[in-house]
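J.: From first to last, the protein sequence lines stand for chains U and D.
Going by numbering that gives the first Met the number 0, the first residue of the first sequence is number 0, and it counts up by one from there.
Going by numbering that gives the first Met the number 0, the first residue of the second sequence is number 0, and it counts up by one from there.
Among the clues, some could well be false.
[Stated by the list, open to error] Below, simulated DMTMM-like cross-link-like pairs (lysine to aspartate or glutamate); rule was C-alpha separation at most 20 Å, straight line:
1. LYS96(D) x GLU63(U)
2. LYS96(D) x GLU76(D)
3. LYS121(D) x ASP48(U)
4. LYS35(D) x GLU90(D)
5. LYS64(U) x GLU141(D)
6. LYS3(U) x GLU63(U)
7. LYS3(U) x GLU139(D)
8. LYS96(D) x GLU212(U)
9. LYS96(D) x ASP136(U)
10. LYS142(D) x GLU63(U)
11. LYS146(U) x GLU110(U)
12. LYS121(D) x ASP261(U)
13. LYS8(D) x ASP136(U)
14. LYS96(D) x GLU14(D)
15. LYS278(U) x GLU266(U)
16. LYS142(D) x ASP177(U)
17. LYS35(D) x GLU14(D)
18. LYS8(D) x GLU184(U)
19. LYS64(U) x ASP138(D)
20. LYS8(D) x GLU212(U)
21. LYS121(D) x GLU266(U)
22. LYS142(D) x GLU27(U)
23. LYS278(U) x GLU212(U)
24. LYS278(U) x GLU254(U)
25. LYS121(D) x GLU271(U)
26. LYS121(D) x GLU76(D)
27. LYS246(U) x ASP261(U)
28. LYS96(D) x ASP261(U)
29. LYS64(U) x GLU139(D)
30. LYS96(D) x GLU55(U)
31. LYS114(D) x GLU65(D)
32. LYS146(U) x GLU121(U)
33. LYS114(D) x ASP48(U)
34. LYS8(D) x ASP93(U)
[Unchecked claim] Label pairs and their in silico Cβ distance ranges:
35. THR211(U) x ARG125(D): 25 to 33 Å
36. ILE115(D) x ASP136(U): 25 to 33 Å
37. GLU139(D) x HIS118(U): 46 to 54 Å
38. ARG173(U) x ASP53(D): 19 to 27 Å
39. PRO139(U) x THR11(D): 33 to 41 Å
40. ARG119(U) x GLY17(D): 53 to 61 Å
Simulated from the structure, these hints should not be mistaken for lab results.
Cβ atoms here follow ideal geometry from the backbone N, Cα and C, with glycine treated the same way.
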Amino acid sequence: MSDKVTFWYGCNVVRHGDIIRAAIALLEAVGVEVTPAGGAGYCCGTAKDANLRAAEGMARRTVEKFNQHGHGAVVTWCPSCHRHMNGFMREYNDPQFSFAHITQILHQRRERLAARLTHRVERRAMLHQHFGFHEVDVNPLIVDLLKLVPGLELVVPDYAAPGHMCSALAPVPRALPDATRATCEAVRAAGADTVVTVFHSCQRLLCGLESTEPFHVVNYVSLLTAAMGIELPDEYKAWKNAGSEEKVMELIGAERIAAAGDRFFREAILPELMRRPQK
Amino acid sequence: MSVTNFPAKPATLIEHLGQFIADTLTRCTRCGACFKACPMTGYAPGLPAADAQDVVAGVLGLLRQEAGTADALAWIEACTQSGRCSAACPEGINAMKMMRVARMSALGSLGAPRKIAPREEKGFFRRIGAFSQLQFSADEIEKWQR
Ligand code: SF4
Chain U
0 MSDKVTFWYG
10 CNVVRHGDII
20 RAAIALLEAV
30 GVEVTPAGGA
40 GYCCGTAKDA
50 NLRAAEGMAR
60 RTVEKFNQHG
70 HGAVVTWCPS
80 CHRHMNGFMR
90 EYNDPQFSFA
100 HITQILHQRR
110 ERLAARLTHR
120 VERRAMLHQH
130 FGFHEVDVNP
140 LIVDLLKLVP
150 GLELVVPDYA
160 APGHMCSALA
170 PVPRALPDAT
180 RATCEAVRAA
190 GADTVVTVFH
200 SCQRLLCGLE
210 STEPFHVVNY
220 VSLLTAAMGI
230 ELPDEYKAWK
240 NAGSEEKVME
250 LIGAERIAAA
260 GDRFFREAIL
270 PELMRRPQK
Chain D
0 MSVTNFPAKP
10 ATLIEHLGQF
20 IADTLTRCTR
30 CGACFKACPM
40 TGYAPGLPAA
50 DAQDVVAGVL
60 GLLRQEAGTA
70 DALAWIEACT
80 QSGRCSAACP
90 EGINAMKMMR
100 VARMSALGSL
110 GAPRKIAPRE
120 EKGFFRRIGA
130 FSQLQFSADE
140 IEKWQR
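Whenever a hint applies, use it, and build me the whole structure from the sequences.
T.: Now the structure itself:
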């Protein structure tokens, strides 16, 4: 893969600006120059199974934009986007680029990354795994990457949740609470102080556990950037664990709430931030 | 010399789905290995006791734009795209994609009447836009999201 790529982070990950910035910092640390691209304007259309005309239009527009970037290479973050590109989008479009998942790029260039990981991260961390992203076997790649972090004790449990990430479980009754409970039990058995998430939706759906459980929930890219000496605050997690609507609004601030739209914030964003993980 | 005619690259999503459905219907032997490998069947009432070959026959019916069966629809609703089905298929069919396309059929996207409710989150793009405003500067939104 070339040294100049489009970094396609996806839609739902925009809740986690820290993850996107950390991912960019890691790609740059291994010598990759990135054009970040994501949000609604780069949607893959995977959520539009009930409206295939819309799905096709979104996919076509996104592929055309990547072609216009002209890098010949796209690095994905989101497993749903990666899967949709692999299984649908490229089948009826004319992508003029190769694509790979970020874990593959970081793993290929892990010697360069290792040289940058000079800060100790003293944690006993357990990997939260799913077994459904069969396009890329991410778990062993991430284990190898996290082994490079000085001071980090990594526990890889036997348990892996179904689906490719936690959001896939949410629509199936009992499935997400079962996975959350199994994750909590595995952390206790491992004696870990940190759960390491791989994907953004796992971070989103598990980070609220910090209010009630004796462990932290941290995405793997945050551990890697911490080892580079870069601390990027996880604001979504802070909002999720703020404890009251007033505190959430205080943390976010009136200016940002106004930019998001006061009414929409109250009706849609605040309820999401106040929702507790079920187990 | 034998000549194999490969289908032309499809120009639209619907054409692609048509080719995928035709190929799957040709190759699937209804052995049921995909259903047996699924880690999610326990999440749908009655499915653990269902006959694997019958459930797959219902899924193939959906691909043909037929009515399908209650068990096939229940399996589709419990699917989390774990991909164990694809790994189990002795014919090399992407059974996970077969389930996804059967879901599109069940949603009424391929011509047959809708049989299951869409899961699409209400206000999805509005939510993405709002979180972008909370997490990014105007400059980042302009450069990274337009
Ligand atoms: S395992 Fe493959 S051949 Fe067997 S029923 Fe499933 S899709 Fe068909």
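J.: Does the structure keep LYS142(D) and GLU63(U) at a Cα separation of 20 Å or less?
T.: 17 Å, holds
J.: Tell me if the straight-line CA distance from LYS121(D) to GLU271(U) falls inside 20 Å.
T.: 13 Å, holds
J.: Taken at face value, is the distance from the CA of ASP261(U) to the CA of LYS121(D) at most 20 Å?
T.: Since the Cα atoms of LYS121(D) and ASP261(U) sit roughly 18 Å apart, the hinted pair holds (cutoff 20 Å).
J.: Hint check: LYS96(D) vs ASP261(U), CA-CA at most 20 Å. Holds or violated?
T.: 40 Å, violated
J.: Is LYS3(U) within 20 Å of GLU139(D), Cα to Cα?
T.: It holds: about 19 Å lies between the C-alpha atoms, which stays within 20 Å.
J.: Honestly, do ILE115(D) and ASP136(U) meet the 25 to 33 Å range at C-beta?
T.: Check passed, 31 Å falls within 25 to 33 Å.
J.: Is 53 to 61 Å respected by the C-beta to C-beta distance linking ARG119(U) and GLY17(D)?
T.: Taking Cβ atoms as reference, ARG119(U) and GLY17(D) lie about 56 Å apart, which means the hint holds.
J.: Is the straight-line distance between the alpha-carbon of LYS121(D) and that of GLU266(U) 20 Å or less?
T.: This hinted pair holds, its Cα atoms lying about 12 Å apart.
J.: Are the Cα atoms of LYS96(D) and GLU63(U) separated by 20 Å or less?
T.: 24 Å, violated
J.: Go ahead and decide if the range 25 to 33 Å is satisfied by the Cβ distance of THR211(U) to ARG125(D).
T.: 30 Å, holds
J.: Decide if the proposed pair is consistent with the structure: LYS142(D) and ASP177(U), CA atoms, cutoff 20 Å inclusive.
T.: The given pair, whose Cα atoms are some 40 Å apart, is violated under the 20 Å limit.
J.: Do the alpha carbons of LYS114(D) and GLU65(D) lie within 20 Å of each other, as the hint requires?
T.: This hinted pair holds, its Cα atoms lying about 11 Å apart.
Checked against the numbered hints above, the structure breaks hints 1, 8, 13, 15, 16, 17, 18, 20, 24, 28 and 37 and satisfies the rest.
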